[in-house]
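As you go down the protein sequences, you meet chains S and V in turn. 463 is the number that this note's numbering gives to position 477 of the first sequence; each next residue is one higher, with no gaps. 281 is the number that this note's numbering gives to position 295 of the second sequence; each next residue is one higher, with no gaps.
No lab work stands behind these hints, which were simulated from the structure alone. Among these hints, one or two may not hold up.
Copies of the same chain look alike in the list, so a pair counts if it fits in one copy or across any two.
Under the rule of at most 30 Å between Cα atoms (straight-line distance), these lysine-lysine pairs were calculated in the DSBU-like manner [said to hold, decoys possible]: (1) 455 / 167; (2) 426 / 167; (3) 455 / 286; (4) 426 / 455; (5) 472 / 39; (6) 455 / 472; (7) 162 / 286; (8) -11 / 455; (9) 386 / 455; (10) 3 / 167; (11) 162 / 3; (12) -11 / 386; (13) 386 / 167; (14) 472 / 162; (15) 472 / -11; (16) 30 / 227; (17) 286 / 227; (18) -11 / 227; (19) -11 / 426.
Only a predicted model underlies this, so the values are computations on that prediction, with no experimental measurement involved.
Here are the chains, one letter per residue:
There are 2 protein chains.
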Amino acid sequence: MTKLFETHAGLLADAVKAIEERGFWSAFSEVPRSYGETLPEEGKAAFEALLGKPFPLDQSEDDGRAGGEVSPFGPALGITYPRTGIDRLIERASASAAGWAQASVEARCGVALEIIARLNRASFLIAHAVEQTTGQAFAMAFQAGGPHAHDRALEAVAYAYREMTDIPQGDVAWEKPAGRKVIRLTKEFHLVPRGIGLVIACATFPTWNSYPALFADLVTGNPVIVKPHPAVILPLAITVKIAREVLTEAGFDADVIQLAVDAPEAPVAQTLAVHPAVALVDFTGSSEFGRWLRENVRGKPVFTEETGINTIVIDSTDDFAAMCQNIAFSLSLYSGQMCTTPQDIFVPRGGIETNEGHKSLDEVASGIAAAVDALLADPARAAAVCGAIQNPATLERIDKASSLGRIIRPSAPVAGQEGARTATPLILAVDATDEAAYPKEQFGPISFVVSCENVTDAIDRATRAARTKGGITAALYSRDSDLIDKAAGLYAQAGAPLSVNLTGGIYVNQSAAFSDFHVTGANPAGNACLTDTAYVAQRFRVVCVRRPAAA
Amino acid sequence: MTKLFETHAGLLADAVKAIEERGFWSAFSEVPRSYGETLPEEGKAAFEALLGKPFPLDQSEDDGRAGGEVSPFGPALGITYPRTGIDRLIERASASAAGWAQASVEARCGVALEIIARLNRASFLIAHAVEQTTGQAFAMAFQAGGPHAHDRALEAVAYAYREMTDIPQGDVAWEKPAGRKVIRLTKEFHLVPRGIGLVIACATFPTWNSYPALFADLVTGNPVIVKPHPAVILPLAITVKIAREVLTEAGFDADVIQLAVDAPEAPVAQTLAVHPAVALVDFTGSSEFGRWLRENVRGKPVFTEETGINTIVIDSTDDFAAMCQNIAFSLSLYSGQMCTTPQDIFVPRGGIETNEGHKSLDEVASGIAAAVDALLADPARAAAVCGAIQNPATLERIDKASSLGRIIRPSAPVAGQEGARTATPLILAVDATDEAAYPKEQFGPISFVVSCENVTDAIDRATRAARTKGGITAALYSRDSDLIDKAAGLYAQAGAPLSVNLTGGIYVNQSAAFSDFHVTGANPAGNACLTDTAYVAQRFRVVCVRRPAAA
Chain S
-13 MTKLFETHAG
-3 LLADAVKAIE
7 ERGFWSAFSE
17 VPRSYGETLP
27 EEGKAAFEAL
37 LGKPFPLDQS
47 EDDGRAGGEV
57 SPFGPALGIT
67 YPRTGIDRLI
77 ERASASAAGW
87 AQASVEARCG
97 VALEIIARLN
107 RASFLIAHAV
117 EQTTGQAFAM
127 AFQAGGPHAH
137 DRALEAVAYA
147 YREMTDIPQG
157 DVAWEKPAGR
167 KVIRLTKEFH
177 LVPRGIGLVI
187 ACATFPTWNS
197 YPALFADLVT
207 GNPVIVKPHP
217 AVILPLAITV
227 KIAREVLTEA
237 GFDADVIQLA
247 VDAPEAPVAQ
257 TLAVHPAVAL
267 VDFTGSSEFG
277 RWLRENVRGK
287 PVFTEETGIN
297 TIVIDSTDDF
307 AAMCQNIAFS
317 LSLYSGQMCT
327 TPQDIFVPRG
337 GIETNEGHKS
347 LDEVASGIAA
357 AVDALLADPA
367 RAAAVCGAIQ
377 NPATLERIDK
387 ASSLGRIIRP
397 SAPVAGQEGA
407 RTATPLILAV
417 DATDEAAYPK
427 EQFGPISFVV
437 SCENVTDAID
447 RATRAARTKG
457 GITAALYSRD
467 SDLIDKAAGL
477 YAQAGAPLSV
487 NLTGGIYVNQ
497 SAAFSDFHVT
507 GANPAGNACL
517 TDTAYVAQRF
527 RVVCVRRPAA
537 A
Chain V
-13 MTKLFETHAG
-3 LLADAVKAIE
7 ERGFWSAFSE
17 VPRSYGETLP
27 EEGKAAFEAL
37 LGKPFPLDQS
47 EDDGRAGGEV
57 SPFGPALGIT
67 YPRTGIDRLI
77 ERASASAAGW
87 AQASVEARCG
97 VALEIIARLN
107 RASFLIAHAV
117 EQTTGQAFAM
127 AFQAGGPHAH
137 DRALEAVAYA
147 YREMTDIPQG
157 DVAWEKPAGR
167 KVIRLTKEFH
177 LVPRGIGLVI
187 ACATFPTWNS
197 YPALFADLVT
207 GNPVIVKPHP
217 AVILPLAITV
227 KIAREVLTEA
237 GFDADVIQLA
247 VDAPEAPVAQ
257 TLAVHPAVAL
267 VDFTGSSEFG
277 RWLRENVRGK
287 PVFTEETGIN
297 TIVIDSTDDF
307 AAMCQNIAFS
317 LSLYSGQMCT
327 TPQDIFVPRG
337 GIETNEGHKS
347 LDEVASGIAA
357 AVDALLADPA
367 RAAAVCGAIQ
377 NPATLERIDK
387 ASSLGRIIRP
397 SAPVAGQEGA
407 RTATPLILAV
417 DATDEAAYPK
427 EQFGPISFVV
437 SCENVTDAID
447 RATRAARTKG
457 GITAALYSRD
467 SDLIDKAAGL
477 YAQAGAPLSV
487 NLTGGIYVNQ
497 SAAFSDFHVT
507 GANPAGNACL
517 TDTAYVAQRF
527 RVVCVRRPAA
537 A
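Whenever a hint applies, use it, and build me the whole structure from the sequences.
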């Protein structure tokens, strides 16, 4: 067991250093070709071998089997999963708890790090699974579903490891002078897990968004029940299978991690979340369910990443073309289905100053629209950027949204993707005073160019949206450094991480492990941050045992 | 402002080192005579000068004045306090927030440390205030109300300071290799306070139990509203007055800290706790109100220290007399009104093995009773140990409890304390199967010697009490080191800090700052720990601002 820790100790030490420095650092390459020549083919073959069959997961199917995943690109996956009943899940998790709790911090971290390493070697398999369930294009499915998710997992392990090892391990001598005598006690500090951790995953980033909680729970000693979205099971089924294999090989009970598969007509998340044996709940998904959890789950920590309204404010720019290209890519990537995708683009109605001279509001709007057109002109690139639409409801939302403002750019299917559910960005123009639509979340490739009084009004509306509706990202374009500095404070107060003047190969949608704190917990877009100290420190408790020091 | 930080930086560095080592460390002497010759007299005079007058606190009295404190030792204090209305409190706190949030971590810590230093110099004044409101004997009022509380305050500052300064201050360079290019961003991390912190204090340890929250809120940038128990206002009125003076001198708005005085017939805690502008709630007190807060306060962190059942298990001892003396002191100290006082003493019905040979259960019970009698035989010492009873309801509870078992030792007033509300320990004997009384909290000097099947049954009952009803302390006496090691794990799982074989000048009631984690948060006695990382890390959030690095 300590052998696994030794194998990965160097990586963990680097990760701990990275969370302290918060510059760029990544443990796992995001470049597919760096994984060698055989892994891509093996991953593809492994994925295809899973199709149309019962998924080989060694869990009880006392509640039968379930699974009706249909690829947003067309075909049904035809995979079924064991459906383990709630009582059975709790019973098995509880039975596994003592052995896992008693394992040393190093043993648990060693297991977690080995799981992450094996997940990383399975990145191509998982990429295909993510692609064919979430609708992400393959390149994103690989990066976000694979190495970036592994970085986020490692980051959570690093935080938890640092936090646990901050508590003295082994005996501590407590020697209090008392007059001419000294009172001597020996103290030992027991790290006590909370209990069963429930991790409720989302349908768009099943691994990236759930790994931090999953691994934070695991290494702090809590058995984990992973509840995937019923439309996106496979990536987490593979994850749980690999984790169970590592646990077993390391001599632990495989039930330290279990998959809770349910069907849309018989959901289990609520029942599990309020179950007395469940001590920790993590959730990524809609604000509606997030609110239900926050209101109904009592007496245990609940960590949520919900939704909100991400904004862009355009005051001025030194590179109008690059700005439009950058925004166009942010709107188009995964057809706007990222929790970080901008929705509202606030522009002063008098227009903006740029390197190309003054641009009217209409010119700004059409500039962005034209950049989207240019980006998506080539069907192959359009498919690689947009991917497919995960949920049919999103297509309906786009349809309905078309009447919510003046259409700057209509949405359309991606050319050449017949059979797939696709949609390019819909861009609408509205006046800031028309608050019927833009101040609400419109999930999907739907954005608004909002005409504002001036930049002060724009920033005011953007930060108010974050404060009141939540915001996971925000962007600002300005040549005025005083304005930027002032705005930085306002966005910080609104709990919205701010990206300023992004052009080139970096986008507001992107959140880098070990550097960006994803979700601040400071506005309604979520009450937790991936990952900070507060995210891990509540997952275990410390109990002191003290006795007189041996004479 | 940084001047205050510089003044106290060495102390803070020592405190940060202490929380990492968790051996014995104390910043403030618990020995009254080490404070010199003049401070005791000055403190007494300052206290007497406050009696019978309006307390000089520069807060709005838009809701009139309140204050009906009556000393448990007899006299009414005759002090009134400004009663600031809820709207006014919130308005003032909100108005003070921006300036305080913008202050640097060092500036805020400097102010907090200066407040603590001045509180320490006011230890004698505060000791009289604590004595004459809580009923603690003077020696305890001095130590627990003064230097020990200041240690706990400093500990919270150290945790918060370490946590905040763990986030890089100043610009961080993020440089991501992207093919042959490098993407360069500059990131800055803003620490953002949560909002107004409400600190609801208890009637027994008004300073020791509230200072950690009060100072954790303050240094993380949150304005604080301190809500004292209406029977025990003075110690916190003095605290808030001193804090407001330091804030003002340092150039901040005094309303960064305010006192919310209420009257029993018009309580304000609930209204304040659910107020949308209040972002953090800390509470020490009854489980009943703690439950109300946990169930009704949504969407904001709530930190509670509630109550529970503290236990002793006696298996065997190498020093029967010293054990009985130690337990007797723990039962008698402040007449059992500490949140750490043992209530249930589990003893095998077959008796125990000791250095004096076998002792029957009755001999153990009468040994403890005799030790209480011996401890309290001298009236002066009895008064110095027991103090007075804070709440008249406790006396009634003792009366009623007399019928709950076989009386081993009756409670009685402390001799020579006429006019004061006093009571020595009531000790009852019951069988473990008679679960009418001992498995419930009986606050005050009421304890049960519970006859158990054997030591396994005793430990099982003790740990179950902690798991189900909560437990802040637990004690075990045994000569069997294997049994102790096994028990340590069981108590840890029950979230109950365990003290083993205490004799001499250290008692299970005592919880040392910088070493003992007070309340684990792992059983119903409270959801928070004074003080650990989780206690401070939720009181602020981090928001990143990133922009292209200057070329």
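Tested hints:
1. 455 / 167: Intra 61 Å, inter 37 Å, cutoff 30 Å: neither.
2. 426 / 167: This pair counts as neither: shortest intra-copy Cα distance 69 Å, inter-copy 39 Å.
3. 455 / 286: both (25 Å within a copy, 16 Å between copies)
4. 426 / 455: Classified as within; 8 Å inside a copy, 45 Å across copies.
5. 472 / 39: Neither: 57 Å inside a chain and 48 Å across chains, both beyond 30 Å.
6. 455 / 472: Classified as within; 22 Å inside a copy, 51 Å across copies.
7. 162 / 286: neither (36 Å within a copy, 39 Å between copies)
8. -11 / 455: neither (48 Å within a copy, 41 Å between copies)
9. 386 / 455: within (21 Å within a copy, 54 Å between copies)
10. 3 / 167: between (43 Å within a copy, 25 Å between copies)
11. 162 / 3: between (35 Å within a copy, 17 Å between copies)
12. -11 / 386: neither (57 Å within a copy, 61 Å between copies)
13. 386 / 167: This pair counts as neither: shortest intra-copy Cα distance 80 Å, inter-copy 42 Å.
14. 472 / 162: This pair counts as between: shortest inter-copy Cα distance 27 Å, intra-copy 51 Å.
15. 472 / -11: Between. Shortest inter-copy distance 27 Å satisfies the 30 Å Cα cut-off; intra-copy 51 Å does not.
16. 30 / 227: within (18 Å within a copy, 70 Å between copies)
17. 286 / 227: For residue 286 and residue 227, the Cα distance is within 30 Å only inside one copy (28 Å; across copies 36 Å).
18. -11 / 227: Classified as within; 21 Å inside a copy, 58 Å across copies.
19. -11 / 426: neither (52 Å within a copy, 48 Å between copies)
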